[in-house]
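Protein chains: 2
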Amino acid sequence: MLRIKIICVGKLKEREYMALCEEYRKRLSRFCRAEVVQLEEQRLPDRPSKAQIADALRRESELIRAVIPRGAYTVALCVEGKGMTSEAFAGVMENAGLTADTVCFLVGGSHGLDETLKREVSLRLSFSAMTFPHHLFRVMLLEQIYRAFAINSGSHYHK
Amino acid sequence: MLRIKIICVGKLKEREYMALCEEYRKRLSRFCRAEVVQLEEQRLPDRPSKAQIADALRRESELIRAVIPRGAYTVALCVEGKGMTSEAFAGVMENAGLTADTVCFLVGGSHGLDETLKREVSLRLSFSAMTFPHHLFRVMLLEQIYRAFAINSGSHYHK
Chain H
1 MLRIKIICVG KLKEREYMAL CEEYRKRLSR FCRAEVVQLE EQRLPDRPSK AQIADALRRE
61 SELIRAVIPR GAYTVALCVE GKGMTSEAFA GVMENAGLTA DTVCFLVGGS HGLDETLKRE
121 VSLRLSFSAM TFPHHLFRVM LLEQIYRAFA INSGSHYHK
Chain U
1001 MLRIKIICVG KLKEREYMAL CEEYRKRLSR FCRAEVVQLE EQRLPDRPSK AQIADALRRE
1061 SELIRAVIPR GAYTVALCVE GKGMTSEAFA GVMENAGLTA DTVCFLVGGS HGLDETLKRE
1121 VSLRLSFSAM TFPHHLFRVM LLEQIYRAFA INSGSHYHK
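Heads up: the protein sequence lines correspond to chains H and U, in order.
Every letter in the first sequence is one number past the one before it in the numbering used here, and letter 17, counting from 1, is 17.
All you need for the numbering used here is the position in the second sequence, starting with 1, plus 1000.
Keep in mind that a hint or two might mislead.
Computed far set for chain U versus chain H, every beta-carbon distance over 10 angstroms [to be verified]: (1) Glu-1035; (2) Val-1037; (3) Pro-1045; (4) Arg-1065; (5) Arg-1070; (6) Thr-1102; (7) Arg-1124; (8) Ser-1153.
Straight-line alpha carbon distances no greater than 27 angstroms define the calculated DSSO-like cross-link-like pairs of lysine-lysine that follow [stated by the list, open to error]: (9) Lys-159/H to Lys-1050/U; (10) Lys-1005/U to Lys-1082/U; (11) Lys-82/H to Lys-1159/U; (12) Lys-82/H to Lys-1082/U; (13) Lys-1082/U to Lys-159/H; (14) Lys-1159/U to Lys-11/H; (15) Lys-26/H to Lys-1011/U; (16) Lys-1005/U to Lys-1026/U; (17) Lys-1026/U to Lys-13/H; (18) Lys-159/H to Lys-1013/U; (19) Lys-1011/U to Lys-159/H; (20) Lys-1159/U to Lys-50/H; (21) Lys-13/H to Lys-1013/U; (22) Lys-1026/U to Lys-11/H.
Calculated from the structure, these hints are not laboratory results.
Note that CB positions come from ideal geometry on N, CA and C, so glycine has one too.
So here's chain H without its partners, still in its complex pose (with noise of 0.2 angstroms):
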């Protein structure tokens, strides 16, 4: 059974946004092990310089590598990432599942991920040329791999 990891930089504290990841993780569970893993974000001054944000996502994204599986398939969520349909990222997600046991999806705090970290993955995917909040973003993100499993299985969920 393929293994998805959501490795997220950010605390989930919203009940209402809690419940409806929980409910995708749930779902999920019929597909796959899905399993999401928050990680802390760095703290910033009010009004952080380039560099002191550079940092942070650097010591961010050691703490991301150190989570991910050897052999990983790794999508960086980014806004200037390939945009794509619900059905092509299903063929995505059905490649990476024949030569790797583990799907990675990384998802940056506030200010992203680090430009380092974005070059070693083997996908860079953006949802929408908007920018959303983290914790709606996250529910669009287990919605989209719950969506992606129920194409590749030919279930009714997508039509």
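Dock chain U against chain H, hints included.
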């Protein structure tokens, strides 16, 4: 004060999604008079023909037109619409507010919106190439409208 009217085909039933939409609607009250209108989705058989779908969409489009205020700026949400950043969307909202006193967002049901209706609107807008469920999309739309007002008011919500 600008009026925002979100016209949706289909009713939201899920408690968590209703709570999230209501939260954004409340937050929007700082910036505008926001209203969500839910229209009945036309019933279709289990495996509808193309003609049956087109007919249902046409009937839904009549219900939608009936609740669009005269002179409103109209935005149809559809996958083939224009993608844009949150900042660009904020610009659209600001410009719309200069010429119209209402901005209407049209959100179709499970089969989308009628083709003729889509040709009549001021803007066709796409949030993503991906397909999202109706209830989740409604939260995404409300959040993005809230973000647009926050951007236009120079608030710290969007950075």
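Each hint, compared with the structure:
| no. | hint | in the structure |
| --- | --- | --- |
| 1 | Glu-1035 | holds (21 angstroms) |
| 2 | Val-1037 | holds (23 angstroms) |
| 3 | Pro-1045 | holds (14 angstroms) |
| 4 | Arg-1065 | holds (26 angstroms) |
| 5 | Arg-1070 | holds (30 angstroms) |
| 6 | Thr-1102 | holds (22 angstroms) |
| 7 | Arg-1124 | holds (15 angstroms) |
| 8 | Ser-1153 | holds (16 angstroms) |
| 9 | Lys-159/H to Lys-1050/U | holds (14 angstroms) |
| 10 | Lys-1005/U to Lys-1082/U | holds (20 angstroms) |
| 11 | Lys-82/H to Lys-1159/U | holds (22 angstroms) |
| 12 | Lys-82/H to Lys-1082/U | holds (16 angstroms) |
| 13 | Lys-1082/U to Lys-159/H | holds (22 angstroms) |
| 14 | Lys-1159/U to Lys-11/H | holds (19 angstroms) |
| 15 | Lys-26/H to Lys-1011/U | holds (25 angstroms) |
| 16 | Lys-1005/U to Lys-1026/U | holds (14 angstroms) |
| 17 | Lys-1026/U to Lys-13/H | holds (20 angstroms) |
| 18 | Lys-159/H to Lys-1013/U | holds (20 angstroms) |
| 19 | Lys-1011/U to Lys-159/H | holds (19 angstroms) |
| 20 | Lys-1159/U to Lys-50/H | holds (14 angstroms) |
| 21 | Lys-13/H to Lys-1013/U | holds (24 angstroms) |
| 22 | Lys-1026/U to Lys-11/H | holds (25 angstroms) |
The structure is consistent with each of the numbered hints, conforming to all of them.
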